[in-house]
Amino acid sequence: MGSYIATMILSYLFYLFLTMGSGNIGLWSSSELLVGIPVAVIAGLAGGRIFGEYIPSSLLNPYRWCLFIYYLFVPFFTAMAKANIDVAMRVITGKINPGIVKIKTGLKKDMALTFLANSITLTPGTLSVDVDEEENDLYVHWIDVKDVTPEPRDVCGDFPEWARRIVE
Amino acid sequence: MSGLIALFLVIGIAFNCLGAIALYRFPDVYTRLHGATKATTFGSIFTSLGVIAYGFTKWAYTGEARFCVLAIHAIVALIALLLTNPTGAHAIAKAAHRSGVMPKRAVVDRLAEREGKW
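Going down the list, the protein sequences come from chains P and Y.
By the working numbering, the letter at position 103 of the first sequence is numbered 103, and the numbering carries on one by one without gaps.
By the working numbering, the letter at position 1 of the second sequence is numbered 169, and the numbering carries on one by one without gaps.
In case anyone wonders, no lab produced these hints; they're calculated from the structure.
Don't take every hint at face value.
To be verified - Keeping only pairs whose Cα atoms sit at most 25 Å apart, straight-line, the calculated DSS-like set for lysine-lysine is:
1) Lys262/Y / Lys102/P
2) Lys95/P / Lys272/Y
3) Lys146/P / Lys104/P
4) Lys104/P / Lys82/P
5) Lys109/P / Lys262/Y
6) Lys146/P / Lys272/Y
7) Lys108/P / Lys262/Y
8) Lys146/P / Lys102/P
9) Lys102/P / Lys272/Y
10) Lys226/Y / Lys104/P
11) Lys95/P / Lys146/P
12) Lys82/P / Lys146/P
13) Lys262/Y / Lys272/Y
14) Lys95/P / Lys82/P
15) Lys102/P / Lys82/P
16) Lys262/Y / Lys146/P
Generate coordinates for the entire structure from the input sequences, incorporating the hints supplied.
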């Protein structure tokens with residue numbers, strides 16, 4: 001029940017975010033405020049079960065949100081910028097040494113693994129291809145293989161550590 | 169301020185161009201994915217930042233709400249891009265590997281080793 005109501009409230013807030021600037025009650029028109037309510041209720045009924053099942057309760061902690069925003073703008077963005085320049089050089093020179101390697105993540109929750117896989121894929125030069133569901137290891141396509149049995153740190157820096165801190 | 173917007177647009181377009189060149193330069197689907205999905209994500213982040221900067225400066229100068237709305241919609245588009253892009257790239261890579269496309273010039277392939285194809 002709680003997850004349905006939480007989904008409804010989140011959908012309503014997101015609806016307000018999207019229709020910002022439509023009128024003069026605050027930033028919204030009265031029709032948008034009214035139409036948003038049935039839309040949010042329908043979205044909540046349809047998606048509440050998924051939201052409760054897959055989003056771990058540890059993500060409701062605001063400290064983790066701050067950590068996530070810091071992660072996104074500082075360590076992640078710098079890693080992404082560096083890797084982009086590296087891949088840009090590879091595009092120009094054509095020097096590649098690709099391969100699919102396996103890295104041990106040591107993460108337990110599915111959400112943390114999704115977080116890590118998405119971070120790895122968004123960084124150029126590394127692309128998560130598959131996951132070993134028993135041991136939660138990731139198969140990563142690496143554009144410049146320096147070591148055929150690498151430590152996670154060689155492939156994706158501090159990302160597993162951050163995934164553990166933010167999600168688990 | 170217009171200098172900053174121009175800088176964002178130039179960086180964005182440069183990385184998008186490199187992404188397109190990568191499609192031509194790289195040998196197989198996996199390496200092409202690196203160029204074509206990730207370099208263009210980085211480029212699109214910068215072009216969106218240009219739109220966001222434009223919207224907020226116009227809003228500050230003229231006070232018209234529609235410029236603020238433009239910037240907020242660009243932020244929503246940016247978040248959607250950051251969430252969907254890695255998921256799409258991962259889905260393409262996994263589908264390619266499952267249908268038997270092996271990485272070219274690869275020095276190691278642990279996934280094929282697990283499946284006994286290497």
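### Hint check, failures only
10
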